[in-house]
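The listed protein sequences derive, respectively, from chains A and B.
To convert a position in the first sequence, counted from 1, into our numbering, add 204.
To convert a position in the second sequence, counted from 1, into our numbering, add 346.
A hint or two may mislead.
Unchecked claim - Dumping the calculated DSS-like pairs for lysine-lysine here, alpha-carbon to alpha-carbon at most 30 Å:
1) K239(A) with K314(A)
2) K331(A) with K378(B)
3) K285(A) with K371(B)
4) K386(B) with K270(A)
5) K270(A) with K361(B)
6) K400(B) with K371(B)
7) K239(A) with K331(A)
8) K386(B) with K239(A)
9) K270(A) with K364(B)
10) K371(B) with K239(A)
11) K411(B) with K331(A)
12) K270(A) with K371(B)
13) K285(A) with K364(B)
14) K314(A) with K388(B)
15) K361(B) with K411(B)
16) K371(B) with K331(A)
17) K331(A) with K388(B)
18) K331(A) with K270(A)
19) K386(B) with K314(A)
20) K400(B) with K285(A)
21) K388(B) with K296(A)
22) K239(A) with K400(B)
23) K239(A) with K364(B)
24) K296(A) with K361(B)
25) K285(A) with K361(B)
26) K386(B) with K285(A)
27) K239(A) with K378(B)
No wet-lab data here; the hints were simulated from the structure.
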Amino acid sequence: MKKIVFILAIALSIGGCAKEMQNLSSAISAAQNFKITQGQVDTARNSYDGFVLAPLHRYALLPRCKTGQSLTLNNPCHDRKLLRQIREVDRKVEDAFITTQNRITSGDDKGAVLAYNSLMSLIDIGKALINQTGISVLGG
Amino acid sequence: MDPVTIMADIQLAIKLAKMAYDAGKDMYPYVKTAYEIMFKNKILTAEERDAMTKQEQEWRADIDKQIAEDDAATD
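Please build the complete structure, drawing on both the sequences and the hints.
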């Protein structure tokens, strides 16, 4: 029971925390913009999985909205165009993570910074789109 | 307030709580790990990376399956 209450509290408060986490992450990135660490990429990946990919998965599993409908509490459904659009951005994010990781592994610091900045821009787009779904009210 | 309205509000609140719980359950491990990497200098193990990659692949496969179903649907 205690765990359920804790997870509920996290879910409801996490929407508010997301922005602060992102700001903090950006501040750290800016302070270290001469080199991207493995920790930064891992933090970005976990944040992305938690704030974008997990909600996107949950959104995709909702029934398809009928024409003119949108997600509400009484009618949880996904918009097919929006789902496709977010998945396309997700594909680019997936590639950007691989590129950034490869640059770090090969010791290309300058390339890693560029790839990481590009990755963060794509993640921002993904977050903005997932907010449009309405499912983020509960945790995105 | 009449009892029917009160019951409807309670049902809505339960629905919201269930959705919040489900969403939080998916997100929680990732947010926790991100926090630990940022503030507790946690380093991911190879097993943790593999588990994360596997979960991402499963989610993406489900999403792609749903997109394919949407494309095939006539409604």
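The hints, checked one at a time:
no.: 1; hint: K239(A) with K314(A); in the structure: 7 Å, holds
no.: 2; hint: K331(A) with K378(B); in the structure: 18 Å, holds
no.: 3; hint: K285(A) with K371(B); in the structure: 26 Å, holds
no.: 4; hint: K386(B) with K270(A); in the structure: 46 Å, violated
no.: 5; hint: K270(A) with K361(B); in the structure: 21 Å, holds
no.: 6; hint: K400(B) with K371(B); in the structure: 17 Å, holds
no.: 7; hint: K239(A) with K331(A); in the structure: 24 Å, holds
no.: 8; hint: K386(B) with K239(A); in the structure: 20 Å, holds
no.: 9; hint: K270(A) with K364(B); in the structure: 24 Å, holds
no.: 10; hint: K371(B) with K239(A); in the structure: 34 Å, violated
no.: 11; hint: K411(B) with K331(A); in the structure: 22 Å, holds
no.: 12; hint: K270(A) with K371(B); in the structure: 28 Å, holds
no.: 13; hint: K285(A) with K364(B); in the structure: 26 Å, holds
no.: 14; hint: K314(A) with K388(B); in the structure: 25 Å, holds
no.: 15; hint: K361(B) with K411(B); in the structure: 26 Å, holds
no.: 16; hint: K371(B) with K331(A); in the structure: 19 Å, holds
no.: 17; hint: K331(A) with K388(B); in the structure: 25 Å, holds
no.: 18; hint: K331(A) with K270(A); in the structure: 24 Å, holds
no.: 19; hint: K386(B) with K314(A); in the structure: 27 Å, holds
no.: 20; hint: K400(B) with K285(A); in the structure: 26 Å, holds
no.: 21; hint: K388(B) with K296(A); in the structure: 27 Å, holds
no.: 22; hint: K239(A) with K400(B); in the structure: 28 Å, holds
no.: 23; hint: K239(A) with K364(B); in the structure: 42 Å, violated
no.: 24; hint: K296(A) with K361(B); in the structure: 34 Å, violated
no.: 25; hint: K285(A) with K361(B); in the structure: 26 Å, holds
no.: 26; hint: K386(B) with K285(A); in the structure: 40 Å, violated
no.: 27; hint: K239(A) with K378(B); in the structure: 24 Å, holds
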